[in-house]
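Here this note's numbering = 1-based position in the sequence shown + 44.
Mixed in with the good hints there might be a few duds.
What follows is a list of derived Cβ distance ranges for each label pair [as the list claims (entries may be wrong)]:
no., residue 1, residue 2, range
1, E90, D157, 26 to 36 Å
2, D134, S159, 32 to 42 Å
3, S89, S159, 30 to 40 Å
4, V181, M76, 28 to 38 Å
5, G88, P156, 34 to 44 Å
6, P127, T172, 29 to 39 Å
Derived from the structure by calculation, the hints contain no laboratory data. The beta-carbon is built from N, C-alpha and C at its ideal position, and this holds for glycine as well.
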Amino acid sequence: PGMKVKDAVLAAVIVVLSIAGTAVAQDGSSRMAHANGAGTLKLGSEQFKINGVVVKLLDDGKTEITLIADITIFVTGTWAKNPSSQTDFDLSFTDATSRGGLDGTGKLSLNPDNSGLKLTVKGKSRATKRSIEVSFVGK
45 PGMKVKDAVL
55 AAVIVVLSIA
65 GTAVAQDGSS
75 RMAHANGAGT
85 LKLGSEQFKI
95 NGVVVKLLDD
105 GKTEITLIAD
115 ITIFVTGTWA
125 KNPSSQTDFD
135 LSFTDATSRG
145 GLDGTGKLSL
155 NPDNSGLKLT
165 VKGKSRATKR
175 SIEVSFVGK
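Produce the complete structure using the sequences and hints provided.
Written as structure tokens, this is what we have:
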């Protein structure tokens with residue numbers, strides 16, 4: 045059983061590290077938020093606890109997200125403002141050039157003072173065809 049968990053963690057790291065996004069022109073400025081809290085990373089039938097998240101929304105439309113768990117996972121993608129809110133953002137994770145990437149989307153909600161956040165991501169690994177879900181709420 046221990047080896048199975050190690051294999052699943054390794055697969056999660058490889059999949060998430062291979063995620064990349066393409067730039068989309070955005071109007072707005074860079075923002076950064078971080079929060080400790082509780083969340084989960086689901087990779088197929090495996091589940092891992094997330095303790096914290098750091099999110100950067102860059103001027104060029106790219107996003108950099110770090111998930112802090114027993115291991116640290118770095119994710120890149122793109123973002124767009126939700127037209128109905130100044131604190132809600134739509135995220136996209138695609139990489140047509142990589143066989144090991146993730147096809148998926150997500151939502152990010154920031155508190156107005158960037159002191160807390162809510163992050164959800166749903167997608168599928170191109171390499172393993174397994175579903176990937178991230179759910180996190182932080183303060």
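Provide an ascending list of the numbers of those earlier hints which the structure does not satisfy.
2, 4
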